[in-house]
Amino acid sequence: MRYINRGVPKVDYKALVTGKGVYVNDLAPSGCLVVKVLRSPHAHALIEDINLNRAKAVPGIEAIFTYKDCPDKRFTLAGQTYPEPSPYDRLILDKRVRFVGDPVAIVAGENEEAVKKALKLIKVKYEVLEPVLDFHQAKDNTILIHPEDNWKSLFPVGADNQRNLCAHEECEEGDVEAVLASCDYIVDEVYHTKANQQAMMETFRAYSYKDTYGRLNIVSSTQVPFHVRRILATALDIPKSKVRVIKPRIGGGFGAKQTAVMEMYPAFVTWMTGKPAKMIFTREESMIASSPRHEMEVHVRIGANKEGIIKAIDVYTLSNTGAFGEHGPTTVGLSGHKSIPLYGKAEAFRFVYDVVYTNTMSAGAYRGYGATQGCFAVESAVTELAEKMGMDPVKLREMNLLKEGQIMPAYYNEINNSCALDRCLAKAKEMIGWEEKYPAKDCGNGKVRGIGVAMTMQGSGISALDTASVSIKVNDDGFYTLMVGATDMGTGCDTILSQIAAECLDCSMDEIVVHGVDTDVSPYDCGSYASSTTYVTGMAVVKTCEILREKISAKGAKYLGCDAEDVEFDGEKVTNLKTGESISRAEIGNNVMCNNEDALSASEAFSSPISPPPFMVGMAEVEVDKETGEVELMDYVAVVDCGTLVNPNLARVQAEGGIAQGIGMALYEDVVYNEKGKNYSNSFMQYKIPTRLDVGNIRVDFESSYEPTGPFGAKSIGEIVINTPSPAIANAVSNAVGVRIRELPITAEKVFWGIQEKSK
Amino acid sequence: MEIQFRLNGKQVAAEVAGDSILLDVLRKLGCVSVKCGCETTNCGLCTVWINNKTRLSCSVLAAGVDGQEVTTLEGLQEEAAEFGRFLAEEGAEQCGFCSPGFIMSVLAMVRELDNPTIGEMKEYLAGNLCRCTGYMGQLRAIQKYMKAKRMQFQAAGEEVQA
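Chains A and B are the protein sequences, given in the same order. Reminder that position 334 of the first sequence reads as 334 in the working numbering, one-by-one numbering, no gaps. Position in the second sequence counted from 1, then plus 760, gives you the working numbering.
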């Protein structure tokens with residue numbers, strides 16, 4: 001194999017490391033109208049009156065729009081396959097504002113100064129309403145967040161706007177209550193994870209213009225160009241044929257850009273004025289009006305017999321989708337379906353959830369997509385179970401973990417085709433020195449070191465839904481153009497898909513040109529999310545290459561004047577095996593450009609009936625200061641089974657980066673609202689993402705299984721890597737000082753008060 | 761007001777307002793490697809050199825660089841490509857949005873610190889945030905780059921002695 005399992009540098013690296021202008025704001029033409037929005041100061045209010053007279057008089061102001069100018073057809077900003085599970089609950093601008101920061105007016109002007117001045121001069125009269133800020137009190141509250149008649153849910157997700165309910169579901173196998181009643185040990189606890197910001201370095205941004213044909217063109221930093229096309233057409237109430245979306249290089253996504261957070265504002269301005277328009281979210285806007293992780297409260301009941309066999313798991317999740325339902329009905333499912341199946345000996349499980357609306361910013365998709373929240377809860381609970389039994393939590397996991405070949409009842413009865421979870425656990429244990437370090441060691445200087453463990457699984461794409469298509473053309477001198485609709489957001493999928501193509505076509509990667517996404521040109525792909533690209537789009541590349549090889553052979557045979565059965569294509573040339581005569585790919589590429597009636601290209605699509613889970617084990621070593629409660633992360637060890645590694649370097653950095661984000665979630669990151677619903681975590685001053693001094697040492701290794709349905713045995717890696725730090729660190733803190741933290745983040749204050757409580 | 765300064769070795773003039781930020785002025789002058797990531801001096805994406813010292817261009821008034829020497833990644837293309845190769849060989853440039861500011865800091869660090877320890881490197885670069893990589897790959901790249909530089913230096917020294 002020449003390219004699979006090789007750490008080749010990314011195909012776009014030179015431009016990135018030399019600072020070339022390849023991102024949205026670098027490419028936007030000068031002369032774009034500057035677009036900003038006026039935001040509501042109230043968490044819940046009705047707009048009674050807006051006076052624009054003074055604002056419109058500011059020199060340089062081109063247009064100001066209010067809800068009266070916008071279509072009254074609701075839609076969702078969630079980048080999901082149509083019909084979206086997320087309810088249609090949005091308008092571009094609405095008479096009702098539902099969180100502090102909800103847009104009230106769109107202002108477009110020639111320069112930033114004029115727009116900022118106009119924003120200050122808009123006079124809005126609000127009828128201030130009581131907000132619903134506590135997500136425990138949202139369901140069946142008399143205050144309704146979406147009382148409107150044209151709210152609709154396209155999908156049977158159990159949503160009911162008259163109950164502030166965005167989704168509800170129950171599923172069960174076996175008799176959970178009976179099995180729990182028979183257990184010798186039971187843990188019954190509630191775990192709380194907060195909203196988290198993806199905090200990609202490039203904030204949300206897009207620019208738009210009308211092209212030669214009067215169509216709306218949007219250049220956007222997005223993970224979902226094809227969904228953005230549909231969303232904008234729906235929002236603006238115009239035909240989809242009128243919209244084109246282009247994705248240049250993007251400065252990180254992590255799921256944030258799987259929601260079309262802001263494309264509609266410049267798009268609406270361009271559509272109405274005919275002029276190019278640009279909107280760059282400030283970091284503050286990216287913190288207060290974006291698409292963070294759903295806050296969840298997860299109630300876990302888990303029981304084992306005295307031998308240590310986990311018999312039943314019962315999970316109830318309450319998820320806070322905020323003011324709008326983007327990704328609300330879908331993220332929550334992973335909190336159970338990707339945490340419960342890890343324990344393969346359970347006889348019964350139950351998983352029930354409610355997703356509720358509140359007057360906080362809308363949540364969205366963030367790496368891990370609910371699995372992260374469920375992992376914190378279930379992996380904490382399993383360790384608490386081990387503590388109750390007086391058993392080593394690694395041993396409890398070794399006894400109960402899911403094995404290759406097992407059916408996973410809580411994972412839609414999929415068969416566990418490829419799984420090295422047992423090997424991951426064994427290797428992680430060895431790497432961190434579990435036997436020597438468990439459970440803790442007093443350093444003698446007021447500090448204690450403890451270690452903790454967590455396991456996790458994710459998926460590889462959305463089964464029987466995600467669709468990727470790929471086209472490959474043969475050009476003059478035989479070079480290939482690889483057209484994909486999957487969106488490289490820095491992760492390196494343009495490189496990985498090129499590697500797969502080069503492997504399949506037996507050529508050098510230099511001979512493959514890969515093209516970023518343009519909805520007018522690229523073949524359809526639902527986009528890069530749900531850990532789908534390597535697995536789903538990768539398989540589309542494999543399929544396309546197979547067909548293209550046949551076509552190249554057939555063309556070669558034709559030019560050689562022989563039967564297609566008699567030739568072989570080795571990647572460089574087509575050879576007539578009977579005569580030894582051959583024709584090079586370069587010659588074929590040139591020949592098809594002359595007197596030819598069938599184009600030498602192939603395009604295939606792929607969708608998978610299953611979503612094979614990658615697996616991972618994380619182990620953390622922390623040092624806790626007994627005086628202050630401060631937790632310092634010393635060492636983090638992770639072993640990942642993502643199947644075959646297509647590019648080991650990129651896989652490693654995915655893992656290290658995901659773990660660092662998980663460490664941020666575990667120890668530092670918190671979205672805090674005041675009693676009126678104002679978001680205090682509105683900058684990097686308040687919302688602290690880890691620096692290189694905060695992540696300790698992260699060590700990653702791999703134990704690969706072979707996934708028979710994936711490209712060269714590969715599964716996914718993008719999301720799973722964020723899941724383990726929160727529970728592993730919480731478990732390590734518990735081992736160090738005996739304090740169990742069930743609400744993230746694990747701050748010094750919480751640990752300190754826990755220590756005080758214990759010493760009473 | 762008009763200011764004049766040296767930008768990447770060339771004398772330039774720019775018309776700026778009293779409250780113009782250097783970051784915006786540099787981008788208008790075509791130095792699009794300079795990025796804005798936070799507006800609160802936390803992220804380090806806008807790092808440039810003023811008189812060969814790293815500064816956050818989002819927190820410097822443009823008027824203040826009148827008569828000074830400003831360097832951006834556009835003025836260090838060869839070195840950026842050389843270090844960038846090490847970064848890419850770890851897969852640690854990822855989305856690349858923080859790369860210019862980070863590389864400006866790394867190139868300043870190798871000039872300022874002599875044989876820094878890992879702790880000193882982390883300390884020096886702590887102001888450069890990255891959300892993609894978890895920092896480990898960046899550190900591997902720096903260590904390999906510095907080792908390669910030392911070997912180049914030694915080889916050059918041996919040549920002179922020979």
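Be a bit skeptical, because a hint or two may be false.
Claimed, not checked - Simulated crosslink set (BS3-like; lysine-lysine; CA at most 25 Å straight-line):
1) LYS882/B - LYS447/A
2) LYS117/A - LYS788/B
3) LYS116/A - LYS275/A
4) LYS95/A - LYS20/A
5) LYS395/A - LYS345/A
6) LYS437/A - LYS626/A
7) LYS240/A - LYS770/B
8) LYS788/B - LYS116/A
9) LYS904/B - LYS14/A
10) LYS788/B - LYS20/A
11) LYS68/A - LYS210/A
12) LYS770/B - LYS20/A
13) LYS56/A - LYS125/A
14) LYS813/B - LYS20/A
15) LYS95/A - LYS123/A
16) LYS882/B - LYS688/A
17) LYS275/A - LYS813/B
18) LYS760/A - LYS447/A
19) LYS210/A - LYS73/A
20) LYS770/B - LYS788/B
21) LYS14/A - LYS788/B
22) LYS210/A - LYS194/A
23) LYS907/B - LYS14/A
24) LYS120/A - LYS56/A
Hints in this document: simulated from the structure, not taken from any laboratory.
Results of checking the hints against the structure:
1. This hinted pair checks out: LYS882/B and LYS447/A have alpha carbons roughly 23 Å apart, not beyond 25 Å.
2. Restraint check: the Cα-Cα separation between LYS117/A and LYS788/B comes to about 22 Å, which is no more than 25 Å; the hinted pair holds.
3. Taking the CA atoms of LYS116/A and LYS275/A, the gap is about 19 Å. The hint holds against a cut of 25 Å.
4. Restraint check: the Cα-Cα separation between LYS95/A and LYS20/A comes to about 43 Å, which exceeds 25 Å; the hinted pair is violated.
5. Our distance criterion of 25 Å between C-alpha atoms is met by LYS395/A and LYS345/A, whose separation comes to about 14 Å.
6. Taking the CA atoms of LYS437/A and LYS626/A, the gap is near 18 Å; set against the 25 Å cutoff, the hint holds.
7. With a C-alpha separation of about 48 Å, the suggested pairing of LYS240/A with LYS770/B is violated against the 25 Å cut-off.
8. Between the alpha carbons of LYS788/B and LYS116/A the distance comes to roughly 20 Å, so the proposed pair stays at or under 25 Å and holds.
9. Pair hint LYS904/B plus LYS14/A holds up; C-alpha atoms about 18 Å apart against a cutoff of 25 Å.
10. With a C-alpha separation of about 14 Å, the suggested pair LYS788/B and LYS20/A falls inside the 25 Å cut-off, and the hint holds.
11. Between LYS68/A and LYS210/A the alpha-carbon distance is near 23 Å, which keeps this suggested pair within the 25 Å criterion.
12. Distance restraint check for LYS770/B and LYS20/A: the Cα-Cα separation of roughly 19 Å lies within the 25 Å cut-off, and the hinted pair is therefore satisfied.
13. The straight-line distance between the Cα atoms of LYS56/A and LYS125/A is roughly 17 Å, inside the 25 Å bound, and the hint therefore holds.
14. Restraint check for LYS813/B and LYS20/A: the C-alpha separation of about 22 Å stays at or below 25 Å, so the hint holds.
15. Of the pairs offered as hints, the one joining LYS95/A and LYS123/A holds, with about 15 Å between alpha carbons and a cut-off of 25 Å not exceeded.
16. A hinted pair counts as satisfied when its Cα atoms are at most 25 Å apart, and LYS882/B with LYS688/A qualifies at roughly 17 Å.
17. A threshold of 25 Å between alpha carbons decides the hint, and for LYS275/A with LYS813/B the separation of about 42 Å lies outside it, so the pair is violated.
18. Between the alpha carbons of LYS760/A and LYS447/A the distance comes to roughly 20 Å, so the proposed pair stays at or under 25 Å and holds.
19. Note on LYS210/A and LYS73/A: the hinted pairing holds, with a Cα-Cα distance of about 23 Å set against a maximum of 25 Å.
20. For the hint linking LYS770/B to LYS788/B, the alpha-carbon distance of about 16 Å falls within 25 Å, and the restraint holds.
21. Among the hinted pairs, LYS14/A with LYS788/B is consistent with the structure: their alpha-carbon atoms are about 23 Å apart, no more than 25 Å.
22. As the CA atoms of LYS210/A and LYS194/A are separated by approximately 41 Å, the hinted pair breaks the 25 Å bound.
23. For a cut-off of 25 Å, the pair hint linking LYS907/B to LYS14/A stands: about 21 Å separates their Cα positions.
24. A hinted pair counts as satisfied when its Cα atoms are at most 25 Å apart, and LYS120/A with LYS56/A qualifies at roughly 11 Å.
Checked against the numbered hints listed earlier, the structure breaks hints 4, 7, 17 and 22; every other hint is satisfied.
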